[in-house]
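*Asks:* Required output: the full structure, derived from the provided sequences and hints.
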Amino acid sequence: MNENIIKIDSVRFYWSKKSNFKIFIPSLEIRKGEKVLLLGESGSGKTTLLSLLCGFLSPISGTISINGNEINKLSSKSKDEYRADNIGIIFQQFNLLPYAGVIDNILLPLYFSKVRSNSIIDPQETALQLCKQLRLPDDINDYKANRLSVGQQQRVAVARALIGNPSLIIADEPTSSIDTEAQQIFLDLMFEQIYKNKSTLLMVSHDKSLSSRFDRLIDINEIITREN
Amino acid sequence: MLLKLSFNSLYARLLTVGMTILAISVSLMLYMSVEKLRTSAYTSFTDTISQTDLIIGARASSVQLMLYSVFRIGNATNNITWESYQDILNKDEVDWAVPISLGDSHKGFRVMGTNRDFFTRYKYRGGQSIIVEKGYLFDDLYDVVLGAGVAEKLEYGIDSPLIVSHGLQSFSDHDDQPFRVSGILKKTGTPVDNTVIVSLAAIEAIHVDWSTGAKIPGLETPIEEIRKMDLTPKNITAALLGVKSKLTIFSLQRWINNYPEEAMTAILPGAALQELWRVVGVVENLLLGISVVVIFTTLIGMTAIMFSSLSERRREMAIWRAMGASPFTIVGLLMLEAIFISLLSIILSLVLLFISLSVLQPWIDYNYGILVNVEMLSINDAYVFALFIFASMLISLLPALRAYWFSINDGMTIKL
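Those protein sequences? They're chains F and H, same order as listed.
First residue of the first sequence: 1, per the working numbering; consecutive thereafter.
First residue of the second sequence: 1, per the working numbering; consecutive thereafter.
Check each hint, because a few of them may be wrong.
What the hints assert, rightly or not - Computed cross-link-like contacts, DSSO-like style, restricted to lysine-lysine with a CA-CA straight-line distance of at most 30 Å: (1) F:K77 to H:K4; (2) F:K144 to H:K107; (3) F:K196 to F:K7; (4) H:K4 to F:K114.
No wet-lab data here; the hints were simulated from the structure.
*Replies:* Set out below in structure tokens:
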């Protein structure tokens, strides 16, 4: 398990030359199966880092490899495919399409990824199983996504990120919008599933107290340099 | 799945989307009803008289002859003599002819002298015949048959007495020879409805004591004496003509136009009606133009609504993108939405159109003499719809491109 799932080498990014937001990432390596907590305040460039990893943004220079593929060299269409195949994303909040049913929301990635949809025999049943394991109510699919509590919505987002078993889960402050008690339950359930799936987890937070659950803690200020 | 979610998304915005659809379909309906009314008015108008091959009268322009002989608007410049009429009638090509004598009126309605053939020969709307609704056609010299409009507006029934006035706006009445209503015609939607019809002999009879438009003072021939007189007219105003073979229409027309003893004009009713329509139809074209502008306005409205919904749907697009949707999928989703809205609008507008037309058809026919056909769609309508969908796709590209730009730039950031 010493293989790197993420390998960043000398990545430089800015929106425009005149922009006063220019970042440089000399190196970042995350091994397969690792659970990493990325600590950082807002404005530290963590969202930019995640956007680069997900292939939303392309670096000005340097290489980003995921599973050994240099994604900075891919076309934008291939980047979208790569993202669909390899990464499960959990946002801070508003993860779900409000007008769609819970199961439809969970099945959404399968629509864009052949790899993930082919790995599942019965998508409907798999989605229901995931809901059950994440302690969501049995009649969950009777609800439209916008009728769920925030905690429930975040759990549905976990199910959606995990379906089809992508190798990398990226979570951007998934607990920040739920209250403290529910946070612990949410993290318990999420970790349970991530261990079960043997996924790699890269989670962003500004809450240091969560670090005990993770294999490694990275302070974003140690890997990102701001250039002006 | 994409379709279903797209539909769900629209459904979630039911109120705004619904109002948009309603606005678009009302404007489409407006366009289509103007178009339907226009084509129906055209057919009703050009079908005011049918199966008559030629109309003859004194030398005049075709529109003028048409106006006074069929629409009873304006006056004849001159009459044609009975002898000339007989000459034409005796031509081999002529199958039938109906003489018409105009010039008098009754309470603003034109009085027309003719013979009983008029009721069988005058056809409208592609061959419909005049039907007597009440009573019978004129029998006695002083019998009169009323068009439906005359009877309704003057509240006349069978046996109502009636005095014919001399000329169109004079105060001298033919009050020495009162008429009696013998029959009332069924509504036709043609100028016949507003016509008081008497026999040619009656026109002669009321003018026995008259000379060059004025009553000869002191002369008052008793009715009993008039009845015994030969009341063959000396002049008529116009005549409707049918030929035995359509091939001879033009040569007959030429012959009449070149008739040496009297200046006469023969016109083809269809051609004259179309010429007349070019004058009347301008208003209709204007209406049509306005309704096209209305459609365009609602399309802009749809785009505005799509634009304003974009900001609240920015999150939604970030989700799609995170799941692996390409920016083009986002563009596709928005265009799909526009197509869906316009399709629904078309369907709704058709429903609205057919309901309103079915309800209003008899009323429009009765009041305006226009028979609106509530039939299947024409090829032209299909073109308009296709064009409309294309236009809505094109115009939805604007918000779609903005969404494209959002989805390229937002990445992991979810804008609130």
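*Asks:* Each of the hints needs a verdict: does it hold here or not?
*Replies:* Hints, one by one, checked against the model:
This hinted pair checks out: F:K77 and H:K4 have alpha carbons roughly 24 Å apart, not beyond 30 Å. Straight-line distance between C-alpha atoms of F:K144 and H:K107 comes to about 73 Å, which puts the hinted pair past the 30 Å bound. A distance of roughly 24 Å separates the Cα atoms of F:K196 and F:K7; the hinted pair therefore holds under the 30 Å criterion. Annotation: proposed proximity of H:K4 to F:K114 holds, straight-line Cα distance about 19 Å (limit 30 Å).
Hint compliance for this structure: hint 2 alone is broken.
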